[in-house]
Amino acid sequence: MNEACSYNSGISSTPIFIMKKWIFISSILLVFQGFVFGQTWDLSNVKVADSFNEIEEIFQDTDGKLHVINFWATWCKPCVEEMPYVQELMDHFTTEELRLTLVSLDFKKDIDTKYLSFLNDHKLKGDQIVLLDGNYNEWIEKVDEQWSGAIPITLIIKGDQRIFIEESFNETSEILKYINTLN
Amino acid sequence: MTHLLISLLISIFSTHPPADVIHEGYHVGDQVQDFSLKNVDGEMVSLADYPEAKGFIVVFTCNHCPFAVMYEDRLNDLFDKYESQGYHIIAINPNDPEVKPDDSYEAMQVRAKEKGFQFPYVIDEGQKVYPVFGATKTPHVYLLDADKTVQYIGAIDDNARDASAVKERYLENAIAAIMEGKTPDPAVTKAIGCSIKTK
Chain A
1 MNEACSYNSG
11 ISSTPIFIMK
21 KWIFISSILL
31 VFQGFVFGQT
41 WDLSNVKVAD
51 SFNEIEEIFQ
61 DTDGKLHVIN
71 FWATWCKPCV
81 EEMPYVQELM
91 DHFTTEELRL
101 TLVSLDFKKD
111 IDTKYLSFLN
121 DHKLKGDQIV
131 LLDGNYNEWI
141 EKVDEQWSGA
151 IPITLIIKGD
161 QRIFIEESFN
171 ETSEILKYIN
181 TLN
Chain B
1 MTHLLISLLI
11 SIFSTHPPAD
21 VIHEGYHVGD
31 QVQDFSLKNV
41 DGEMVSLADY
51 PEAKGFIVVF
61 TCNHCPFAVM
71 YEDRLNDLFD
81 KYESQGYHII
91 AINPNDPEVK
101 PDDSYEAMQV
111 RAKEKGFQFP
121 YVIDEGQKVY
131 PVFGATKTPH
141 VYLLDADKTV
151 QYIGAIDDNA
161 RDASAVKERY
171 LENAIAAIME
181 GKTPDPAVTK
191 AIGCSIKTK
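Chains A and B, in that order, give the protein sequences.
Position one of the first sequence corresponds to residue 1 (my numbering), numbered consecutively onward.
Position one of the second sequence corresponds to residue 1 (my numbering), numbered consecutively onward.
These aren't lab readings, by the way, just hints derived from the structure by calculation.
Keep in mind the model is a prediction, meaning the values are calculated, not measured.
Think of the CB as a built atom: it goes at the ideal place given N, C-alpha and C, for glycine as much as any other residue.
Please note: incorrect hints may appear among the correct ones.
To be verified - Capping the alpha-carbon separation at 27 Å, the derived lysine-lysine pairs in DSS-like fashion look like this:
#	chain 1	residue 1	chain 2	residue 2
1	A	Lys77	B	Lys113
2	B	Lys182	A	Lys77
3	A	Lys108	B	Lys115
4	B	Lys167	A	Lys108
5	A	Lys108	A	Lys158
To be verified - Which residues of chain B face chain A? A few of them, derived with a C-beta cut under 7 Å, are:
#	residue
6	Gly42
7	Ser46
8	Ala48
9	Lys81
10	Lys137
11	Ala163
12	Met179
What the hints assert, rightly or not - Restraint ranges, calculated between C-beta atoms of paired labels, are given here:
#	chain 1	residue 1	chain 2	residue 2	range
13	B	Glu83	A	Asp91	47 to 57 Å
14	A	Asp144	B	Ala165	22 to 32 Å
15	A	Glu81	B	Val132	20 to 30 Å
Next up, chain B with everything else stripped away, as it sits in the complex (with noise of 0.2 Å):
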């Protein structure tokens, strides 16, 4: 008992977490809280917009990151192959605009033009989604299902660098998977990012 009271001390005062709570965050099987944040076309975006969802694909991105931008085109692909079919593209800008100008707001703006953008490209204003995500680099995927638990956790296929010699289409086998009421497998991979920008 004497040691429960301790260490429930220590952790109240302690000013650092420790190392592991820092990549605490959403795991496969967790029901995501819903967010609010400011579209490129100034509009706010919620998963509670989309009510007849079956699912959605929220994905960390930013304009610098050279591993996000060869991830663009794909993403417009996804949305083509997916937006009809319920599964709703979000992609966040976790990066704080003070160390990285080029994902301003104004930039993610010129970004999505230039780009085509037909899903919401929100920037994280006071970086307080990507750290409840548990996202930690751009680009760093979570498809949810229509209850808004995650299914999976990662990369959008195995190959960042070319479109055209991708073996493996992880995130797309998962929304397979959820279509047809099966445990994606793997449920989470991991990928070479950038991390996500931070005073």
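Extracted from the complex, chain A is given alone in its bound form (with noise of 0.2 Å):
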């Protein structure tokens, strides 16, 4: 009791001045960050879509360019697993001819922190998308028909041809394999 009593009045006395240094110390980094590895995440390059609707776009791609779409969530471990294999394609194709979206299921409390994290810290490729849009059942058969919820999934789309993967990546060669079977 007394040791949680102890615990609690240590955290309520921090000294501003650490926090301070804290903030100080975090927007270095991020500036740094932002100079060595290219591009930093924050909301003002991350889209936060509270519906469906406002992404309904990008599945209906015609442009002929390949386009990669990856459905995952900081809180998915297998999605988090084949992370590096679904940005190791980014080395495979120039930006002209692969589009890499990443649509995220996190949940809008995470954003700020575990979500644009793991972005800054994976310094991830790709346009980030965040879905909110909690009404499932209304929106998951749009992504497609064969899709029963589970993530992560990866659609592949080139022109009007389009390929539904419901399973996680061990290795790039995987994506690749489906991606050499489009013309």
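Using the supplied hints, reconstruct the complex from the two chains, each of which is provided in its own coordinate frame.
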């Protein structure tokens, strides 16, 4: 009991200068990251969609360019595990050839914390969307009729060709194999 | 005839089932086979243990998945409401504990105690039952009638994150329909969930 009390009082009396120091260090780190590693993700370059309608157009891509769309979330272990392989696709194609979109199903409360940290810590590439529309039954089949709702899933779209994959990848070559079946 | 033989041979010798086989399992209208799975209290649980049942709420769920966790209290509410009316909840954890230690049998025992589950929370040891159902994620509900025929498959309701903001109680509406001898509509719904963990 005593221990719990002293712990709590310790938290409430955290000196302001320590907080300031932390904010200072974090801002330096963020700027540093921006210069050295390229893009820093924040709410200005991540699309947060409250409704599926706001992003529906990305599934009707018809410019003939290869488009890979991956549904994931930071709370989804197999999604996080396969992310390096999805990211590696960007090394196999130019940005002219491939458009990669990551649609996260993270929760609203986690966007500022877990979600953005993950994007920045792992220096993720591609277009970033967080889809908050919780009326799943209304939009899951609009993504693909075969989709049961489990994540991760990957959609590969090129013109009118479309491949839906409801499984996680263990290496990049597995995704490339699907892509290579396209004309 | 030759074609038939060839395709038969191909299907016999093919080591990889075609992709569409993966999603097979029970559909609405199918009668389910009974199973015998170990509950957190050590006892085996089967549908046959409830000879007077009017129906079953078979829910594939687990400890680790945030969507499954968001429905734990609602499973308790469903138990309070429907157990006495003859609709029994059987919660099945389909995950391989070696892949997801949070979903081990011991962790299930702890979780069931913490949440005060009064319904069986059984483990699909060897992961033999969930593929027969065709469950792909947690949570994933199958509502069975007294004949053990699937009447509804899908989500509990339309708002995982906020029980107080639910507009459509899919599962409860389906139970109400079969109580009145009607066909649930919708009989299938979809929701986001965690894929079932296998090696």
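Here's how the hints hold up against the structure:
1. Lys77(A) <-> Lys113(B): It holds: about 25 Å lies between the C-alpha atoms, which stays within 27 Å.
2. Lys182(B) <-> Lys77(A): 40 Å, violated
3. Lys108(A) <-> Lys115(B): Holds. Lys108(A) to Lys115(B) sits at ~25 Å (cutoff 27 Å).
4. Lys167(B) <-> Lys108(A): Roughly 20 Å separates the two Cα atoms, so the pair holds.
5. Lys108(A) <-> Lys158(A): 31 Å, violated
6. Gly42: The hint is violated - Gly42(B) has no Cβ within 7 Å of chain A, the shortest such distance being about 29 Å.
7. Ser46: 26 Å, violated
8. Ala48: At 28 Å from the nearest chain A Cβ, Ala48(B) fails the 7 Å test, so the hint is violated.
9. Lys81: 22 Å, violated
10. Lys137: 4 Å, holds
11. Ala163: Hint violated; Ala163(B) Cβ to chain A Cβ min 12 Å, cut 7 Å.
12. Met179: 22 Å, violated
13. Glu83(B) <-> Asp91(A): 47 to 57 Å: Holds - the Cβ-Cβ distance for Glu83(B) and Asp91(A), about 55 Å, lies within 47 to 57 Å.
14. Asp144(A) <-> Ala165(B): 22 to 32 Å: 27 Å, holds
15. Glu81(A) <-> Val132(B): 20 to 30 Å: 27 Å, holds
In terms of the numbered hints stated before, the structure departs from hints 2, 5, 6, 7, 8, 9, 11 and 12, listed from lowest to highest.
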